[in-house]
Amino acid sequence: MGAETDLREDKPIGPAKAGREAGLAKVIVITSGKGGVGKTTTSAAFAAGLALRGHKTVVIDFDVGLRNLDLVMGCERRVVFDFINVINGDANLNQALIKDKRHDNLFIFPTSQTRDKNALKREGVERVMEELKQQFEYIICDSPAGIEHGAITALYFADSAIIVTNPEVSSVRDSDRIIGILASRSRRAERNESPVDVHLLLTRYDPARVAKGEMLAVEDVKEILSIPLLGVIPESESVLRASNTGTPVVFDENSPAGRAYVDAVARFLGEQREMRFLKPERRNFFRALFGRA
Amino acid sequence: MAAGNLVQGALFTVMVVRAAMLRDPGFADELAQQIKRSPRFFQSAPVVLDLRGVENFTEAEEFERVRDRLGALTLTIVGVQNAQPAQLEAATAAGLASFAPNASTQPRAGSSAAPPAAPRARLVTEPVRSGTQIYARGGDLIVTAAVSPGAELIADGNIHVYGVLRGRALAGAGGDTTARIFCTRLEAELVSIAGRYLVSEHLPPETRSFPMQIALVDDQLTITRN
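Listed in order, the protein sequences are those of chains Z and R.
FYI, this note's numbering numbers position 212 of the first sequence as 212, with every residue one higher than the one before it.
One gets this note's numbering by counting positions in the second sequence from 1 and adding 293 to each.
Bound conformation, chain Z alone (with noise of 0.2 Å):
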């Protein structure tokens, strides 16, 4: 497809918003310290979700070597350059950088994946996120599972993090671990800073299941980790049709899980919505009639 690479700007992206003028660029984590729970597909949903709202938003793939983010945000034919690329000094950020070619506000920050974790050298990350500051005012980063050097890393510089939680006991005791790892340390931590803001998502849920008993309920979760809830995305079918098909979620409108990204992004940027998708769906008359919507 030749008509893609026009997309991609070798010039400076646009003047900075809100950015770093304003002190206003902020760096989101997306971690939950066990791997599977949804990082990569929450990464991608929200960084769309606050460029719908209008806000210039970057995501950054942090997992070295397993190399995903591209392929959930369909640019996976586009990458030239890498991270990796640009914290060695090979590239500079903006032949980096991926403009989504659904949203103007949209950019895809692809990683190496043939090389590994110990390429993510502290010193050029910061450089970088310097960098990025100055053109965006969010800065998504896509936390690799663990809690190594990749894993650290990826938090080191968060102002927010977003804990992706599975309704179950592993996933709850590794998202427990890694809010210890934000609150000791992060950069902030490191620096006697306000701690990073940690919220929790609670994904892949299932209110039938849970109401028989087999995946913790949203209070439980909420009880064993004491942190603010963020938002609640029920276990649905469009959420692997979009990573197949390399569109994040919230593009989707008539997606359940579409709707409660919708409605985490907006209680992030700090308005009152109500959770939604936490009962057993009632089997609609019409739609057992006519099969599925």
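You can take every hint at face value.
For the chain R half of the interface with chain Z, some residues (derived, Cβ under 7 Å), not all of them:
(1) PRO420
(2) ARG422
(3) SER423
Here are the simulated lysine to any residue pairs, SDA-like style, with alpha carbons at most 20 Å apart:
(4) Z:LYS222 / R:GLU419
(5) Z:LYS222 / R:SER502
(6) Z:LYS101 / Z:PHE251
(7) Z:LYS222 / R:GLY456
(8) Z:LYS133 / Z:GLY89
(9) Z:LYS222 / Z:ALA208
(10) Z:LYS99 / Z:GLY74
(11) Z:LYS117 / Z:VAL128
(12) Z:LYS222 / Z:HIS199
(13) R:LYS329 / R:ILE447
(14) Z:LYS222 / R:GLU480
(15) Z:LYS121 / Z:ASN92
(16) Z:LYS279 / Z:VAL218
(17) Z:LYS279 / Z:ALA208
(18) Z:LYS222 / Z:ARG267
(19) R:LYS329 / R:ALA487
(20) Z:LYS222 / R:THR477
(21) Z:LYS222 / R:PRO442
(22) Z:LYS121 / Z:ILE147
(23) Z:LYS222 / R:ARG478
(24) Z:LYS121 / Z:ARG67
(25) Z:LYS133 / Z:ARG122
(26) Z:LYS222 / Z:GLU274
(27) Z:LYS222 / Z:ARG273
(28) Z:LYS222 / R:GLY443
(29) Z:LYS279 / Z:LEU230
(30) Z:LYS117 / Z:PHE81
(31) Z:LYS133 / Z:HIS55
(32) Z:LYS121 / Z:ASN85
(33) Z:LYS222 / R:THR437
(34) Z:LYS121 / Z:ARG187
(35) Z:LYS222 / R:THR418
(36) Z:LYS222 / R:ALA438
(37) Z:LYS222 / R:TYR455
Please keep in mind that the hints were generated in silico from the structure rather than gathered at the bench.
It should be emphasised that the depicted structure is a prediction, and the values quoted were computed from it without experimental measurement.
Ideal placement from N, C-alpha and C gives every residue a C-beta, glycine not left out.
Place chain R on chain Z using the hints.
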């Protein structure tokens, strides 16, 4: 450098040894036992000699002898407390400092001598997350939030948890068998006092999720409803 920086105030925890106890022949053995249990705590620890109720110690060399005796136990005598004027003079000659209260400054109000400094408890007000270890050296540990599974609380004294205790709690880590664990909801992975422990599998199911107190009675961990 500003002149004000040359002298700074600081607070320290200092052990107090009662001079009257030194006459007890079993004292040295008992103290040696205590030190063996937590050698790092006692290594070169400063000691103040409390002279309340003793008439001797009016000669500098008596202090020298105490200095040698405590020195053999890795302790360092640094001063005296509750000294009569003659005792204070001898102590000063032996190079020891004077710690309040001393007789000359003490109002004569019976047994109103200041109590020996109690070891300060460590207070934790944030949730203790999985993977975190907190040690209250030489005293109690008080937590006013939940303790997650995979977190570890250790104290030489008692452990108090005003919240759910889901992690591990080890009280009396220095060997104090009178230490206890208190919590408003017991769901611990492990509880231990002075080395005796119970894992969650062996905690009686009827104690689970209730406010409980754990103590060592006849060398057995005993759990009672608070």
